[in-house]
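A.B. asks: Using the sequences plus the hints, can you model the full thing?
Protein chains: 4
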Amino acid sequence: MLYESLFYDKAVNHIFSPEQTVQYLLTFEANLALAQAQEGFIPKEYAQIIAECCTVKAIDMPALVAQVGLGGNVTIPLVKQLTVLVKQKSPEAAKFVHYGATSQDVIDTAQMLQAQASIALMQERLTVIIAQLYELAYAHRHTVMIGRSFMQQARPITFGLKVVTWLDGLVRAKERLAQLSFYVQLGGAVGTLASMPDKGQAIAQSLASLLGLSYHLVVWHTQRDLLAQIATTVGLLSGSLGKIAKDISLLMQTEIAEVFEPSAQGKGGSSTMPHKRNPVSCIAILANAQRVPALVSTLLQAQLQDHERATGAWHTEWETLAQILQLCAGSLAQTQVMTQNLEVNTSQMLRNIEATQGLIFAENVSLALAEQLGKAEAHERVEQWCKLAQAEGVHLKTVVARQQLLTPEQLEQLFNPVNALGFAVTMVESYCNKSQTAS
Amino acid sequence: MLYESLFYDKAVNHIFSPEQTVQYLLTFEANLALAQAQEGFIPKEYAQIIAECCTVKAIDMPALVAQVGLGGNVTIPLVKQLTVLVKQKSPEAAKFVHYGATSQDVIDTAQMLQAQASIALMQERLTVIIAQLYELAYAHRHTVMIGRSFMQQARPITFGLKVVTWLDGLVRAKERLAQLSFYVQLGGAVGTLASMPDKGQAIAQSLASLLGLSYHLVVWHTQRDLLAQIATTVGLLSGSLGKIAKDISLLMQTEIAEVFEPSAQGKGGSSTMPHKRNPVSCIAILANAQRVPALVSTLLQAQLQDHERATGAWHTEWETLAQILQLCAGSLAQTQVMTQNLEVNTSQMLRNIEATQGLIFAENVSLALAEQLGKAEAHERVEQWCKLAQAEGVHLKTVVARQQLLTPEQLEQLFNPVNALGFAVTMVESYCNKSQTAS
Amino acid sequence: MLYESLFYDKAVNHIFSPEQTVQYLLTFEANLALAQAQEGFIPKEYAQIIAECCTVKAIDMPALVAQVGLGGNVTIPLVKQLTVLVKQKSPEAAKFVHYGATSQDVIDTAQMLQAQASIALMQERLTVIIAQLYELAYAHRHTVMIGRSFMQQARPITFGLKVVTWLDGLVRAKERLAQLSFYVQLGGAVGTLASMPDKGQAIAQSLASLLGLSYHLVVWHTQRDLLAQIATTVGLLSGSLGKIAKDISLLMQTEIAEVFEPSAQGKGGSSTMPHKRNPVSCIAILANAQRVPALVSTLLQAQLQDHERATGAWHTEWETLAQILQLCAGSLAQTQVMTQNLEVNTSQMLRNIEATQGLIFAENVSLALAEQLGKAEAHERVEQWCKLAQAEGVHLKTVVARQQLLTPEQLEQLFNPVNALGFAVTMVESYCNKSQTAS
Amino acid sequence: MLYESLFYDKAVNHIFSPEQTVQYLLTFEANLALAQAQEGFIPKEYAQIIAECCTVKAIDMPALVAQVGLGGNVTIPLVKQLTVLVKQKSPEAAKFVHYGATSQDVIDTAQMLQAQASIALMQERLTVIIAQLYELAYAHRHTVMIGRSFMQQARPITFGLKVVTWLDGLVRAKERLAQLSFYVQLGGAVGTLASMPDKGQAIAQSLASLLGLSYHLVVWHTQRDLLAQIATTVGLLSGSLGKIAKDISLLMQTEIAEVFEPSAQGKGGSSTMPHKRNPVSCIAILANAQRVPALVSTLLQAQLQDHERATGAWHTEWETLAQILQLCAGSLAQTQVMTQNLEVNTSQMLRNIEATQGLIFAENVSLALAEQLGKAEAHERVEQWCKLAQAEGVHLKTVVARQQLLTPEQLEQLFNPVNALGFAVTMVESYCNKSQTAS
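Residue numbers (our numbering), protein chains in the order written: chain A, 55 to 493; chain B, 55 to 493; chain C, 55 to 493; chain D, 55 to 493.
What the hints contain is simulated information worked out from the structure, not anything from laboratory work.
Certain hints may be false.
What the hints assert, rightly or not - Facing chain A, according to a computed beta carbon distance under 7 Å, are these residues of chain C, among others: (1) Ala105; (2) Gln207; (3) Thr308; (4) Ile310; (5) Lys330; (6) Pro333.
Since we're looking at a predicted model, the values are computed, not measured.
By construction, the Cβ of each residue, glycine as well, lies at the ideal position given by its N, Cα and C atoms.
C.D. replies: Here's what the structure looks like:
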């Protein structure tokens, strides 16, 4: 893929390469035979032979790709090739290839294995990112910056608190991913395991166990919430990563310049503007986060499956689930790079907090006067003073001072951002301590 | 709403009516004052006065609606009206209206209360539907019907197994809904609770407790996975309901006629075709299930929120989350009606199973001959016999009999659908028993 | 609707109110009878009586709403009520109510009338907005501001050019809307007009003519591109409005402060931050623009309709198309207000252009040296000088001057933004003149 | 791609392969140089050297792919490689590589070229499909089949009319595609062409002309309706193809069996059910049609672009637009195969029309009695007779005959499907003749 180094994670892309996908399908076939042997359903030596043949290296990939269109899925031509391979070693064993399984059993199980493997890799990155952000949050628990609402300067926060907000979504995402189960699929043509008399359920359980997947009493051939839930769970993570990228890209604006993606040799340069520092990682994460939601909706839509094997809705899932996982893995890769050496310009943060000449402390003043004047009255008066300060181009403190409703000491307190932080520092400390206790 | 009786649930729609929405907002304001009094932050008598004024009946709704556009949200004009009301009783108390809170605190909390109330109603319906389906599945655990793959007749299942597949998604959906938490939002302008010195966190906890919501250490003003997760969870349910409606609408086809929505006086009639029996409930559920996924994607997309208050993305959520809940509640209402008296035509099921003149048992024959001939060889021969049977217009059993590879007794066994059910009956029984033990 | 004054346009909302929707349905029934009379298919006096009864005032709306769920659409109970009303005047005339039509004929045609009426109102606003923007673009054709790429300062443009970019999308959107056709639907149960022997096609043409709609030879009951195209066309407009709101909301940032939504009494104020100037109109437009795409996808998805009347996909469209039109109309209303008195702070634009201390002119320098040094060499050197300027905190001009590769006059030219505008002014002038010629 | 032969069209996939994508980018660079030479902006011999180097064969693809992530797009490392290549031939010429252009100019133009080439191939297929369907419609203009509403048998149509409904969407889709314009992008860093003094606009026009693209006065770097419109237009086509596949997949149901995808050696077979005839082409088309709408929504969402170069939204488009084109091209490929030799079982159509024992003619009876009894009365009586016929298991004709309200001749007429076709035949003939005249 042309954009692999931008939008994707190489290791997760590998899991979904045509070759690896076929390998996962073959892994199902190998373990099906082994499970069937384990349960005494087919002879062990045949199972062994089948299992040995189940390697993608032996598969003629171009021929396979060309034949997918005929049968409507990859299992049919793959089983044909596999049967030929096994037959060369043992015509008897060849009779037991893909025995009693249906195409969807193979494809669904392979997809679950791929999802499981992808999410394991994603969890590793998430663990690193979360650790980095905990450190960052704690380090900046006292770093004062302006909080912004509707992209307008509002009131002070600490950068640590902003990072905790980022963290919060990722911590929950990690828990949600950890709660996902990945299921084996084995039901045969219509989910009854009719072709494995007496042994079907035991084989399914053995197969699950061999593959490291969960077993479920009934097939989920056309009840797809199990699969769609993987998508929604990853989708929520992708959104929380996007929130971080949104913030950082805004903070990197030339006129704000408070936080920057780490610079790297050749990274983020512009072909025509040598001075620029483009938010390249943010761009990739944002692009992915804008693509994933629609893909998730496709999988939710694909839950409308007919009868015992769906006419199209199942096929809708194949590339879509893969894309969701691949894109979110790419976003994690970019986030990991970004949070590892995030540059924080604390002095610029302090400069920006003075940009409104004290207007951001208007609510402080308003609340300080609320007892004297009532909340509404105080609110209105302060609104007027703000307009006055703007019109005159002077600091709000100057205008408020003229009113002589507050002492100089009170004024000093009201306009010091450190006094306007409320619980910001406490929150960060509690949040980080809680985590330390937890881990 | 014109389509309330078709797509919606009246009780859930009520929760999201303009009046009720305002009442939920006022419930926040009332309980904020009470919580602040409880924590000794404001005088109890003022809190009491504020709380008494917090009733939508006192609100001038048309004026409110007209002013929403000015401030960009409903809190601003609502707090103005409320303050006037409180001032009439006590100018002192009026100073403490909405004290220290921000518009988003009010709106987010109200939305959580609405979601919680909606989902409670949805869970009630889900409980009834699940009980009905357990009964239906068990009652039909032996009812033979054809399983269909890609809408082609495949091999026999029991109707009970199909119902268990429906159940399976709903049981999981119910668990997922039960695991959702609904959080209070209280952070003030930028999430620091700066306007409630010393008492902010205690007030937030009291408020959560008074409202029956969960408390979280940091605000989620712009980290929206908590809200989006409600949407994805409901979305998964909507999809599983859609799967049921998909199946029933297909089974109601004139040419299949195996299962029918219960008929009711005037229901499902056509204005021009008096004989028709339209799948009205299915239609509504399918329509809703086709609308919900895109709405869910909007909420995932809306996770990309800027800084401490989002410029548009937050506003995107308001009507969208409401619609998701309302539509899914409507689907549940329709499903409940539908599953209560679902008509099952078991004799038609048996007739349909003979539609292919035995071709659906081809795999049985194929597997029965696999040991003699090898799997591939058996598969190919049976394929030819099938073509022969089709060409001659005779039953496959007749063609197979000619080959003299199987005894008449074997043939009888192979073509009896009851022998082709695999684990269908067992699965249904285990599934239903497991549930009995669980409950 | 609670958010009517924020997200919507009152006039377009009115078109889709339950009462007006029913009136549009009745307008179909009235004109169907009149068309049938016109073609000699039913007696004129009966048609007249039917037409007179077709007024929503005579309809029992609550009863109607309650019955929609039974038949699965609003036509069935509406025709029942209408028939009773007509019967009171003439039992003979009552026989010809809804004669030969099917429910979908009524609903589809009403929807087309509603779409047509909505779009007519939208076109009016679009005309005003476009005129305002032409004026704005021309007035600011020389107003220098910084162009931004990836939210980083890049090189100078004029504000007029930015406005032309906004205009460009709207001008095309207007043309696209003007090219839409709105079709009558009349086919009877399965599109064959079988219940209006000999006269069906003539009646359909008369009906189209009476209603001011287009006639098409075959029904579009289940071929929905005609309807979906309305959605995609409106969707493209919504996106172009969102682009404007995106830019303005970014330009309104406290730290940028170049362009502002017009202020109005009470507009955009914050309940807790008296100094703030929230981009309220932008917020509404952005929220709508983030909701519309998913709704459009629902209508594209709904094209997958079965046979001659769709089982759910048709019903998916009803509220969805209405929402798309209503939301986009609301965005237009907000845009009109916003562009009418947009505040442009030209001096702040000039201040911001100096924010990088000349770095934005690096490419000028680079190109000026390209002939001497080759493009790559020049690019690399300038990159180094930029780093030097940043490190020393001095203006790039100072650093470049040291190199003595360029004369002071050249330097002056290179760092004057007016010399870096390229074709910006020409483009705006050509664009605006072209439009004057066109109109 | 693993599923290339199922979901895709090889030729269109080729257009979007990494190599071809890079070739399109290089084609831009080659023609930019040639256009600049043509306008006297750079020496012709240098342009010639640059153009000669612009071949993907000379590019180190793995290195390129690895570097995309650094700069955030493919242009930056590609221009570096190209510059090295040109420098080897002429250091002087190397100074003019990518002269005055910005990364987005290259990528947008290449994308437009790819879209144009893809749509040209799609139009070819569409032309063939439309011709096939015209022939099919005309050939079956008299072929009686049942029309179905909500998947219930309704009243008779002809198969020709159904095909015309299919055609109708495709004919309009073809026109819409033909009206699309594909634009060159050339604006430099911020759209002002500042790096090509005096000659910029002339160069842009020459470049457009050399590439066979349209020229537009202002850049569309961040006004993306032009690109999104390609997506919506293709999306509408995808939906209309999906409608055909929906119908055919339903008609292929074992219990209906009226229309079949052409069979081919090995096509549509099941790995476990040798008798099955899976709707493989329909499945692929339906799967694609369920994926495209969400992808279109992503492009509409991506219209919300910031300033002069978008931070993420632009990048969202790259793979998404490609996927939409590739999927729709695949659907066309499958549709072409399917419609070429569609099997129509006309005798089964006649059998199915008798499935309800005359109930589908109930409206005929109802209308025939409307004059005697009034519409409502007739409707109600016929409703009762239908129930009677169903209860007794006899033909509706028998029940109606008992009432002695109609003569035997009338009855014969009423229950003959050929008499119930209304304008079906006329419509098909007019539709097909109109097309002949047009072509």
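A.B. asks: Next, verify each hint and record whether it holds.
C.D. replies: Quick rundown of the hints versus the structure:
For alanine 105/C, the interface hint is violated, since its Cβ never comes within 7 Å of a Cβ in chain A; the closest pair sits about 42 Å apart. A least Cβ separation of about 4 Å between glutamine 207/C and chain A falls short of the 7 Å threshold, and the interface hint therefore holds. Checking threonine 308/C against chain A: minimum C-beta separation of about 4 Å stays under 7 Å; hint holds. With its C-beta approaching chain A no nearer than about 5 Å, isoleucine 310/C sits inside the 7 Å limit, and its interface hint holds.
The criterion of a C-beta within 7 Å of any C-beta in chain A is met by lysine 330/C, whose closest approach is roughly 5 Å, and the hint holds. A distance limit of 7 Å between C-beta atoms decides the matter here; for proline 333/C the minimum to chain A is near 6 Å, and the interface restraint holds.
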